[in-house]
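Heads up: the sequence lines are chains W and B, in that order. The first sequence maps to residues 0 to 329 in numbering that gives the first Met the number 0. The second sequence maps to residues 0 to 537 in numbering that gives the first Met the number 0.
Wrong hints could be hidden among the right ones.
Claimed, not checked - Straight-line distance between alpha carbons at most 20 Å, and here's what the computed DMTMM-like set of lysine to aspartate or glutamate pairs gives:
no.: 1; chain 1: B; residue 1: Lys245; chain 2: W; residue 2: Glu312
no.: 2; chain 1: W; residue 1: Lys271; chain 2: B; residue 2: Asp129
no.: 3; chain 1: W; residue 1: Lys122; chain 2: B; residue 2: Glu429
no.: 4; chain 1: B; residue 1: Lys26; chain 2: B; residue 2: Asp14
The set of hints was computed from the structure by calculation and includes no laboratory data.
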Amino acid sequence: MNAFYALFAVILLLLVAWVGVGTVDLYSLFGIIIPYLAFTIFILGFLYRIIKWAISPVPFRIPTTCGQQKSLPWLKSSKLDNPHNAFWTIIRMALEVLTFRSLFRSTRAELREGPKITYGDTKWLWAGGLAFHWAFLIIILRHYRFFVEPVPAFVLYLQSMDGLFQIGLPVLYITDAVIVVAASYLFVRRVFIPQVRYISLFADYFPLFLIGGIAVTGILMRYFTKIDVSAVKELTLGWINFKPAAPEGIGIMFYLHLFLVSVLFAYFPFSKLMHLGGIFLSPARNLANNNRAKRHVNPWNYDVKVHTYEEYEDEFREVMKEADLPVEKE
Amino acid sequence: MSDEKLKSEQLADIDYNPPSKDWMDVKPVIKKGTFNYPAVEASEKYLDLPFSRKWDPRDDDWKLPENWKEIVLKGLKDLLGKYRSFKVFMDICVRCGACADKCHFYLGSGDPKNMPVLRAELLRSVYRNDFTTAGKIFGKLAGARELTEDVIKEWFLYFYQCTECRRCSVFCPYGIDTAEITMMGRELLNKLGLGIDWINTPAANCFRTGNHLGIQPHGFKDSVDFAVDDLLDFTGIRVEAPINKKGAEILFVVPSADYFGDPHYFGFLGYLALFHEIGLDYTFSTFASEGGNFGLFHSAEMMKRLNAKIYAEARRLGVKWIIGGECGHMWRVLHQYMDTINGPADFLEEPVSPITGTKFENAKSTKMVHIAEFTADLIKHNKVKFDRSRNDHWIVTFHDSCNTARGMGILDEPRYIIRSTCNNFYDMPENTIREQTFCCGSGSGIGTDENLEMRLRGGFPRANAVKYVREKHGVNLLTCMCAIDKATLPAVMDFWVPGVELAGVHELVGNALIMKGEKRSGDLRGQPFKGEEVKEHV
Chain W
0 MNAFYALFAV
10 ILLLLVAWVG
20 VGTVDLYSLF
30 GIIIPYLAFT
40 IFILGFLYRI
50 IKWAISPVPF
60 RIPTTCGQQK
70 SLPWLKSSKL
80 DNPHNAFWTI
90 IRMALEVLTF
100 RSLFRSTRAE
110 LREGPKITYG
120 DTKWLWAGGL
130 AFHWAFLIII
140 LRHYRFFVEP
150 VPAFVLYLQS
160 MDGLFQIGLP
170 VLYITDAVIV
180 VAASYLFVRR
190 VFIPQVRYIS
200 LFADYFPLFL
210 IGGIAVTGIL
220 MRYFTKIDVS
230 AVKELTLGWI
240 NFKPAAPEGI
250 GIMFYLHLFL
260 VSVLFAYFPF
270 SKLMHLGGIF
280 LSPARNLANN
290 NRAKRHVNPW
300 NYDVKVHTYE
310 EYEDEFREVM
320 KEADLPVEKE
Chain B
0 MSDEKLKSEQ
10 LADIDYNPPS
20 KDWMDVKPVI
30 KKGTFNYPAV
40 EASEKYLDLP
50 FSRKWDPRDD
60 DWKLPENWKE
70 IVLKGLKDLL
80 GKYRSFKVFM
90 DICVRCGACA
100 DKCHFYLGSG
110 DPKNMPVLRA
120 ELLRSVYRND
130 FTTAGKIFGK
140 LAGARELTED
150 VIKEWFLYFY
160 QCTECRRCSV
170 FCPYGIDTAE
180 ITMMGRELLN
190 KLGLGIDWIN
200 TPAANCFRTG
210 NHLGIQPHGF
220 KDSVDFAVDD
230 LLDFTGIRVE
240 APINKKGAEI
250 LFVVPSADYF
260 GDPHYFGFLG
270 YLALFHEIGL
280 DYTFSTFASE
290 GGNFGLFHSA
300 EMMKRLNAKI
310 YAEARRLGVK
320 WIIGGECGHM
330 WRVLHQYMDT
340 INGPADFLEE
350 PVSPITGTKF
360 ENAKSTKMVH
370 IAEFTADLIK
380 HNKVKFDRSR
390 NDHWIVTFHD
400 SCNTARGMGI
410 LDEPRYIIRS
420 TCNNFYDMPE
430 NTIREQTFCC
440 GSGSGIGTDE
450 NLEMRLRGGF
460 PRANAVKYVR
470 EKHGVNLLTC
480 MCAIDKATLP
490 AVMDFWVPGV
500 ELAGVHELVG
510 NALIMKGEKR
520 SGDLRGQPFK
530 GEEVKEHV
């Protein structure tokens with residue numbers, strides 16, 4: 000049900016843009032005002048969320064240790080999975096963010112006759128997730144060419160790598176195919192794995208459809224419906240230079256694409272997509288396991304009611320003396 | 000099946016398919032064997048806890064305080080402001096489901112609310128409803144739901160069906176730690192007087208007598224004297240076991256089950272034998288007669304209240320540093336919390352082994368060393384001699400305790416000790432040990448008799464891995480370094496894989512240790528060594 004609602008929501012968004020640009024000619028609204036607004040919401044919202052997390056302190060150092068600790072010099076410690084200093088913690092975080100190591104570790108438990116539980120390797124979620132995120136990142140970087148003139152070398156390089164196979168005209172970007180396949184996989188597993196379907200919210204399907212919609216509209220305008228790319232660049236450079244003008248005749252597909260992107264930007268800070276920022280702030284991962292070597296300070300550590308030794312001895316002094324246990328006061 | 004004896008085929012008949020109804024519409028069912036009894040009023044009063052009263056989870060009316068909703072929401076707000084972990088974990092889950100089949104309670108019960116992700120959603124849904132813009136506007140569509148009495152009942156059921164073992168956190172791409180969420184959930188429940196007896200009564204005992212079992216100082220001394228006598232019987236050597244001795248070099252703190260529980264006790268004899276043999280200048284304390292900390296299962300504040308005695312006693316007795324015995328959650332507190340909550344321990348010295356001269360650099364601030372680190376160092380430096388064949392009647396495997404594995408990473412020290420003290424050691428399959436170890440199913444204060452069905456379910460993955468090495472290698476001894484494991488795993492083993500006994504690592508040490516002037520014919524349980532029983536009959 001949540002999946003249908005989400006699909007419906009994205010279709011509705013497409014209709015809004017279709018009507019807005021296609022029939023009512025609201026070029027400035029969809030080409031200038033909404034993108035500016037969405038971008039502003041994204042930046043401010045993102046900062047707001049990060050600051051909101053950051054103002055809550057980290058009272059305890061609670062890394063999840065996933066390997067041997069550093070203790071005795073002759074025991075080999077697992078620097079990466081149980082980092083003991085900032086350097087290895089940064090490496091652990093970097094590999095987590097760039098390669099999804101925790102997901103890579105995943106297993107699939109299966110109950111068999113016996114009863115017997117087996118734990119098989121499962122790399123599907125890891126592979127699908129990684130493909131999705133990397134494709135997304137490269138696509139975003141490729142889009143940088145719309146915002147600068149001349150196009151920087153790294154973007155051109157990225158483009159040529161991405162189009163390495165030289166299939167079709169214009170050349171097919173590998174990432175375009177990958178993101179569609181990966182997003183579809185992420186959707187399909189959400190629907191077909193009963194446990195995952197059970198926990199899935201509207202907020203899990205909506206971003207998938209939204210990003211899927213962005214990818215599809217992008218692909219359509221690049222390979223099929225064709226749009227006036229120089230006009231697009233005129234528009235995008237206009238944004239950057241704060242002299243925005245929405246040229247006519249770019250093609251409706253561009254506006255559908257742009258509107259979904261705008262919605263994604265505006266939606267981002269209020270959604271689970273904030274895991275992009277949150278992962279860096281997760282105390283289970285971003286702290287070194289050097290608890291006993293270096294004291295961690297809790298800013299709100301307050302005094303509590305304790306039972307003192309004096310109170311203890313006062314209650315038990317007689318029995319302690321009888322048992323020949325030393326006491327402070329005779 | 001109320002009074003029927005549980006059968007393993009029955010419990011292993013697990014349906015992992017979630018119900019067709021949306022989880023928010025499935026009401027919690029409080030049934031025998033899957034929940035814990037509420038705390039008795041006397042214990043709660045002793046600790047000045049709010050709203051202590053007589054109530055029964057099976058009743059419809061839990062007699063919640065009038066302003067319960069306000070208390071919970073205020074408490075939630077407070078915790079969000081105090082813990083970045085909690086706040087971030089409330090926000091960033093993408094419900095990928097990688098954690099689902101990593102939880103022993105889910106694997107053993109098939110109840111979808113035992114999937115870590117859904118356990119967290121129980122709280123997240125309320126958080127969204129009252130603390131996020133999206134939740135306030137879109138309600139259920141945004142995964143939000145209103146806080147009702149049924150939600151509280153659900154929390155009570157499922158936050159006491161989590162052992163805070165952190166296995167899910169290992170597999171989560173963001174490290175989301177359900178233990179953290181469960182802790183917050185329990186803290187909120189306790190604000191409404193919804194604590195359980197197996198946690199709050201030991202906590203009250205601990206506050207008063209220094210240990211969970213409520214053993215008074217003379218009782219402690221009796222236990223230690225008894226152990227000294229037993230050791231004399233088994234080894235022919237009378238050891239010293241100083242108590243409350245001022246000026247000793249080292250304070251030794253153990254979980255109270257070590258001197259009162261079976262099979263913990265045999266490991267306790269192992270400590271005594273080892274310390275005698277190396278001539279360690281140490282002391283026990285009757286006041287700090289517990290390293291374990293059931294306060295951790297109640298709230299951060301209770302943890303601090305119960306932990307305070309350790310540094311206080313180290314200061315009073317004037318020791319240089321501290322060694323801690325075999326225990327799981329105890330070491331989570333000692334390793335990850337103690338220095339922060341009750342430190343700095345600047346009145347102690349950086350730990351140096353008086354026997355080997357090794358500086359324990361990893362403990363230089365907290366000044367507390369794990370016994371396995373201490374013993375492994377002794378062995379490495381050839382300061383103790385072992386006759387491994389004295390453990391030949393055991394075919395051994397090792398269970399990493401959750402909190403020392405995933406909250407510390409003490410994995411190879413115990414294995415080194417075990418390999419040095421016995422001839423037959425076989426690890427369980429790799430997905431069930433080290434950082435991927437499975438919980439005993441009874442940790443974090445829910446190891447009660449009334450909760451037996453849930454414990455057996457939660458212990459199923461662990462037991463299943465033991466069964467594997469039992470069938471393959473004939474394993475008959477499951478060693479571990481956790482008092483709760485030793486107390487609760489015997490029942491789990493008897494149920495799923497009979498014929499496997501539990502032991503602490505230092506029981507193997509005590510058996511194999513060659514002591515000067517010893518006269519031994521059997522192990523620390525009074526059983527004959529392998530081969531000896533034949534000789535007797537010749």
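Discussion item. Checking each numbered hint in turn, tell me which of them this model violates, lowest number first.
Written reply: No hint contradicted; all consistent.
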